[in-house]
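Order-wise, the sequence lines are chains A and B.
Residue numbers for the first sequence follow our numbering, beginning at -3 and rising by one.
Residue numbers for the second sequence follow our numbering, beginning at -3 and rising by one.
Incorrect hints may appear among the rest.
As the list claims (entries may be wrong) - Cβ-Cβ distance ranges computed for the label pairs, FRET-style:
id : chain 1 : residue 1 : chain 2 : residue 2 : range
1  : B       : 167       : A       : 345       : 27 to 37 Å
2  : A       : 242       : B       : 348       : 52 to 62 Å
3  : B       : 77        : A       : 54        : 41 to 51 Å
4  : B       : 287       : A       : 154       : 38 to 48 Å
As the list claims (entries may be wrong) - Below 25 Å or equal to it, Euclidean Cα-Cα: the simulated DSS-like pairs (lysine-lysine) are:
id : chain 1 : residue 1 : chain 2 : residue 2
5  : B       : 39        : B       : 93
6  : B       : 219       : B       : 198
7  : A       : 88        : B       : 39
8  : B       : 288       : B       : 268
9  : A       : 93        : B       : 268
10 : B       : 197       : B       : 288
11 : B       : 288       : A       : 88
12 : A       : 236       : A       : 288
13 : B       : 93        : B       : 197
These are calculated hints, taken from the structure and not from any lab test.
Glycine residues also receive a C-beta, built at the ideal position from the N, C-alpha and C atoms.
Protein chains: 2
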Amino acid sequence: MEILRTIYAEDMEDIATGGAILGTGGGGDPYVGKLMAQQAIRKYGPVQLIDIDQLPDDALVVPVCMMGAPTVMTEKLPQGDELINAFRALEKLLGRKIDAVLCGEAGGVNSTTPFVVASMAGLPLVDGDGMGRAYPELQMVTFSMHGVSATPMVLCDDKGNSLVLETVSNGWTERLARAATVEMGGSALLAFYSMSGATAKKAIVRGTLTLCAALGQTLREAKAAHVDPVAAIVDKLEAKVIFHGRVKDIDRRTVGGFARGTARFEGVEEWKGHDFRLDFQNEFLMAERDGKVLVTTPDLITLVEAESGLPVTADSLRYGLRLIALALPANPQWLTPAGIELVGPRYFKYDVDYTPFFTD
Amino acid sequence: MEILRTIYAEDMEDIATGGAILGTGGGGDPYVGKLMAQQAIRKYGPVQLIDIDQLPDDALVVPVCMMGAPTVMTEKLPQGDELINAFRALEKLLGRKIDAVLCGEAGGVNSTTPFVVASMAGLPLVDGDGMGRAYPELQMVTFSMHGVSATPMVLCDDKGNSLVLETVSNGWTERLARAATVEMGGSALLAFYSMSGATAKKAIVRGTLTLCAALGQTLREAKAAHVDPVAAIVDKLEAKVIFHGRVKDIDRRTVGGFARGTARFEGVEEWKGHDFRLDFQNEFLMAERDGKVLVTTPDLITLVEAESGLPVTADSLRYGLRLIALALPANPQWLTPAGIELVGPRYFKYDVDYTPFFTD
Chain A
-3 MEILRTIYAE DMEDIATGGA ILGTGGGGDP YVGKLMAQQA IRKYGPVQLI DIDQLPDDAL
57 VVPVCMMGAP TVMTEKLPQG DELINAFRAL EKLLGRKIDA VLCGEAGGVN STTPFVVASM
117 AGLPLVDGDG MGRAYPELQM VTFSMHGVSA TPMVLCDDKG NSLVLETVSN GWTERLARAA
177 TVEMGGSALL AFYSMSGATA KKAIVRGTLT LCAALGQTLR EAKAAHVDPV AAIVDKLEAK
237 VIFHGRVKDI DRRTVGGFAR GTARFEGVEE WKGHDFRLDF QNEFLMAERD GKVLVTTPDL
297 ITLVEAESGL PVTADSLRYG LRLIALALPA NPQWLTPAGI ELVGPRYFKY DVDYTPFFTD
Chain B
-3 MEILRTIYAE DMEDIATGGA ILGTGGGGDP YVGKLMAQQA IRKYGPVQLI DIDQLPDDAL
57 VVPVCMMGAP TVMTEKLPQG DELINAFRAL EKLLGRKIDA VLCGEAGGVN STTPFVVASM
117 AGLPLVDGDG MGRAYPELQM VTFSMHGVSA TPMVLCDDKG NSLVLETVSN GWTERLARAA
177 TVEMGGSALL AFYSMSGATA KKAIVRGTLT LCAALGQTLR EAKAAHVDPV AAIVDKLEAK
237 VIFHGRVKDI DRRTVGGFAR GTARFEGVEE WKGHDFRLDF QNEFLMAERD GKVLVTTPDL
297 ITLVEAESGL PVTADSLRYG LRLIALALPA NPQWLTPAGI ELVGPRYFKY DVDYTPFFTD
């Protein structure tokens, strides 16, 4: 098998930084996952990143994820054991050896959690994920659009409790797993969406872990070379700067296991005199400028510090912070009618249609 | 194997009536379960009721139950298929044929649900249960005091979703199963607490299904003979009449899947000028007369109609209803320190100690 790249503990820095950019303000802080992955890699060895085309069609591929409200995930540092427990329990249930680990969500903490399992299990990790970003609910993966069932799913907590779910739809899996996660104290570890190599080749968003690493590297090198880090990532991502301003108001609450809210900004420099508003449900999902909707999910909205280009999460927003907002194009799979139904603004109860921000 | 009694569809009437008396106001209306059991027995054949001592020590015994708020359980009539699905899924998981069905809770709807499974599976049903009454939470069974784990547990809903739970304690099983049940719409079907014949011989409350049948028969015969039905069941149960009055006030709400509240009564006849208060959490758990605590869980408190002796549930209480309150002695297993810890008044957040009402 041809290895795309071998990932050592020190490589996790760049991946976590890139994962936070694709986290679009949510997905949990990858700092936690980075520490877990580094610990696992130092103990169990590096991770072999592979292209999905390297796997035979009949290979068995399984994604792992952490589920929960980002604020809770950061407070309750999980152990690698809980992730590998969920993975091993699903393997036992499927009655077959798993051939490779997959990333469910390349944004936020879950850009790093699959490295923990790949290292501990000594299995290759596929370069790609099910979102190309972060999303708050577990049915919000490109896998859903290819008929892949989230179940059988194993969900473990840090106390030793576990659940196996078999459901009639991925929406029901989300509801039942969310209820269990809330009861378990706000975060849980999952192994789910088992699929064949053939299905994974169609269903995943390719190359997103390599993209995370490249984004982290870009920021690191820009810093070393004293060049504008924001310009460097805008260039790397075909992104657009949509605002530059200071946080003037934040309304944030945790509802049913989600961090929901709104942040308002007042413009600085070229955006002086303008205002900007971000709505989030774990992730930034809608951006309005001067009262007009500008960017909505599935296109990505991310916030970075003007000086460092480092990404900022919705829960670390605070009054006075000076930030640059970027819009990034969504993976084309999300721009289909099925994709818009699954993750478009109306699903999140925003009363607007998806209007493409990026037009050729 | 010696059969204690063969239960036909028409026998379910008496059992459901007796189950409602042991339901102590909660446990769900056995009318729903009676219909399910009668339907199953007519289609799959009668149920053989056996004494637990008829089973070998190495037999595998599994209780089945319905879980949920009584009001919801009555509205969402379940199908026998959902119960047998949970039972079969647990059997598959245990990797061994189940030898007999057990009743988890002889009060309310669950006095009848095991008949559905015993009939459909063609297995004997053990005469006994895990409570000798009804209780609102699933760890509140005598099985818990004998070290029997509720898990592995299978929980199914009416939509085709299922859950397998493995937990670190029966309290955690309750929490996670309750969260799933609420998410599933308020009711679910369970197979759990699998145990050996040897354990069941120590852990169950014996003879409670026969008692249900005898109570129903007593009421039926009293009606036919025009004798006082309340006196007849008082005699049968070694019960005591603790009040006779009219409902004057009801405070009832559904919280976290439970029907909680308080009912107040004003006395009639020999109790004229006195007042009476019942606190319930699905079941009646504490009775106060003239401002003094009189009877608490684990002793049983049940309400019956003065004319017919028929039991009345907490959710059917309404203003003006004229009822007789009875106190019934708890099974001795509940009167141990472990029993009081599991189901005594302090567990339910009532600020009183258990004081025995029945003293020799």
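Here is what the structure says about each hint:
no. : hint                         : in the structure
1   : 167/B with 345/A: 27 to 37 Å : holds, 36 Å
2   : 242/A with 348/B: 52 to 62 Å : holds, 57 Å
3   : 77/B with 54/A: 41 to 51 Å   : violated, 34 Å
4   : 287/B with 154/A: 38 to 48 Å : holds, 46 Å
5   : 39/B with 93/B               : holds, 22 Å
6   : 219/B with 198/B             : violated, 37 Å
7   : 88/A with 39/B               : violated, 37 Å
8   : 288/B with 268/B             : holds, 17 Å
9   : 93/A with 268/B              : violated, 74 Å
10  : 197/B with 288/B             : violated, 39 Å
11  : 288/B with 88/A              : violated, 57 Å
12  : 236/A with 288/A             : holds, 17 Å
13  : 93/B with 197/B              : holds, 19 Å
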